[in-house]
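Each protein sequence line maps, in turn, to chains A and B. Per the numbering used here, the first sequence runs over residues 1 to 282. Per the numbering used here, the second sequence runs over residues 1 to 282.
Keep in mind that the hints are not guaranteed to be accurate.
Derived pair list, reagent style BS3-like, types lysine-lysine, alpha-carbon separation capped at 27 Å [to be verified]:
no.	chain 1	residue 1	chain 2	residue 2
1	A	269	B	269
2	B	88	B	58
3	A	88	A	269
4	A	269	A	282
5	B	269	B	282
6	A	244	A	282
7	A	282	B	269
8	B	282	A	282
9	A	269	B	282
10	B	269	B	88
Listed below are several chain B residues computed to face chain A (Cβ distance under 7 Å; list not exhaustive) [claimed, not checked]:
no.	residue
11	168
12	169
13	172
14	282
Read the hints as simulated data drawn from the structure, not as lab findings. Note that the structure is predicted; figures quoted are calculated from it, not measured. For every residue, glycine included, the Cβ atom is placed at its ideal position computed from N, Cα and C.
Chain residues, written in single-letter form:
2 protein chains.
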Amino acid sequence: MSASRDIIEHIEAASAERFGAALAPDPATPGLDELRRCLEHRSHRRFDGRPVDPALLKLLFACAFSAPSKSDLQQAEVIHVVDAVRRKMIVDTIPDMPWITDAPVFLVFCGNNRRIRRIGEWRGKPFANEHLDHFMNAAVDAALVMMSFIRAAEAVGLGACPISHVRNHADVTSRALELPEGVFPVAGLCAGYPAAAGRMSPRLPLEATVHVDRHDESRLAELIDEYDRRRHGVLPYRRQRDTKRYGEAPLYGWSEDKARQCAVPEREKFGEYIRGQGFSLK
Amino acid sequence: MSASRDIIEHIEAASAERFGAALAPDPATPGLDELRRCLEHRSHRRFDGRPVDPALLKLLFACAFSAPSKSDLQQAEVIHVVDAVRRKMIVDTIPDMPWITDAPVFLVFCGNNRRIRRIGEWRGKPFANEHLDHFMNAAVDAALVMMSFIRAAEAVGLGACPISHVRNHADVTSRALELPEGVFPVAGLCAGYPAAAGRMSPRLPLEATVHVDRHDESRLAELIDEYDRRRHGVLPYRRQRDTKRYGEAPLYGWSEDKARQCAVPEREKFGEYIRGQGFSLK
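Just chain A, with the same shape it has in the complex:
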């Protein structure tokens, strides 16, 4: 069965809006409705009042945890934060995002290196992987599960928004959720039925992010310049960062925003927190 003209047109429009170049799929390709949803992904921060059915949420968790896991070590976990007091403890550390309080679903995806350590203790085996790679594996496992959750959530009509800010004060998040040694927050996620269509976030052109055989940044400066202009045309920033220090830029594009953002330290204590959770990172 060929995809409908409607799906094809949406894919062309979404790829043009996202990457600045329309991609025309072969109508005979199966699964184009799913690719359309994927391309049309938007982050949602405002939700209508409808609750998410607990049975549906459980099904979405099942989809999420069907994601691949490094060496089948299954180092992800998720905490569904229902209790208002615990949620407030976390939200209070994120000054600009009071809307998290009202999201129908608030999750915190965690890396869990503790389970495999305990298994080793129970089975009398040493844990011989006190190094950076193991921390990264747990973080990546949690990210894979979160992304899988987002795709499943969007398939059933929900919208979501990841909240990496749960790491701004990781120690507070950790206390709120009673995370023991070996477990750490990777990202929060708000989810619910969207109250509005949302805006698509344009991305760097694929030429900047997809390479053949070797890393290539020969055209990076001009690609970013084009991207700044394209993005300014469709989704201009509403305010400029740190104008006291840098003034008002005539064209305030993505690169100027990100340069200003990265000039300010963020989460300098996260490493200390992670070491405190028992990771050597060596």
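Position chain B against the provided structure of chain A, taking the given hints into account.
Below, chain B without anything else, positioned relative to chain A:
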């Protein structure tokens, strides 16, 4: 439109096989065909001879890079390894996986912290985030893009298998792909049209990985024990690790396998490599 009886039955069967408990979705839920694909995810290592159309691959990259990105910093990139010499350099560091050589598509998903550093240089702004969180953000961005790629690939009938082993000798992978300072491999991915149906990998029950309000491992030991037995019933391990040291276990389950696996150091030099790529990790 309600989902067909066929899709419902597949979701029930897949959740039972994966998690040990059948989940029955409301037939009125939209997108159940996508949830079914998500739940039925399998890793594929053997592919039929069909090449992947370059236009389709590009569309999948577009889907992949539509994934969320931490603070819109867009710190992911992917290298499509076409050149046989470069691919061989990497495959030669992974002794047990010669099949990677023949995969129709071989990708390496990378974290790229370099782009935002260069943007800062070009725009005369300091980079004030020399710490662990920034390394993690780049790794997580790459993981989100890879997971998004896998979902899109499976939607169009492709199969895939992530290869974290590209980090076993990250320095060699890095040289093969000419990764400069600030860029590092997160995972490889083989993709193509599957030659066989593949086997589903059973997962820990959701009770072990999904918690409400607080981390909870009160029933962990018994849940793992049940899981070991369930898994042994449907997908027993074909060989036991390190029998010289530990002997033959009568019931060789997931936990015994993982305890033995983690007793052997892996990638102890990855931290050194990452520090050499310019990350302080402090």
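Against the structure, the hints:
Annotation: proposed proximity of residue 269 of chain A to residue 269 of chain B holds, straight-line Cα distance about 24 Å (limit 27 Å). Pair hint residue 88 of chain B plus residue 58 of chain B holds up; C-alpha atoms about 24 Å apart against a cutoff of 27 Å. Between the alpha carbons of residue 88 of chain A and residue 269 of chain A the distance comes to roughly 21 Å, so the proposed pair stays at or under 27 Å and holds. For the hint linking residue 269 of chain A to residue 282 of chain A, the alpha-carbon distance of about 17 Å falls within 27 Å, and the restraint holds.
Under the criterion of a C-alpha separation no larger than 27 Å, the hint pairing residue 269 of chain B with residue 282 of chain B is consistent with the structure, at around 17 Å. Only pairs whose Cα atoms come within 27 Å are accepted, and residue 244 of chain A paired with residue 282 of chain A is rejected, the gap being roughly 40 Å. A hinted pair counts as satisfied when its Cα atoms are at most 27 Å apart, and residue 282 of chain A with residue 269 of chain B qualifies at roughly 9 Å. The hinted pair formed by residue 282 of chain B and residue 282 of chain A meets the criterion: a straight-line CA distance of about 11 Å does not exceed 27 Å.
With a C-alpha separation of about 9 Å, the suggested pairing of residue 269 of chain A with residue 282 of chain B holds against the 27 Å cut-off. With a C-alpha separation of about 21 Å, the suggested pairing of residue 269 of chain B with residue 88 of chain B holds against the 27 Å cut-off. Using the Cβ-Cβ criterion of 7 Å, the hint placing residue 168 of chain B at the interface with chain A is not satisfied: the shortest such distance is roughly 9 Å. Residue-level restraint check for residue 169 of chain B is violated (minimum Cβ-Cβ distance to chain A is 12 Å; threshold 7 Å).
For the restraint placing residue 172 of chain B at the interface with chain A, the shortest Cβ-Cβ distance is roughly 14 Å, beyond the 7 Å limit, so the hint is violated. For residue 282 of chain B, the interface hint holds, the least distance from its beta-carbon to any beta-carbon of chain A being 5 Å, beneath 7 Å.
Violated hints, listed in ascending order, are 6, 11, 12, 13; each of the other numbered hints is respected by the structure.
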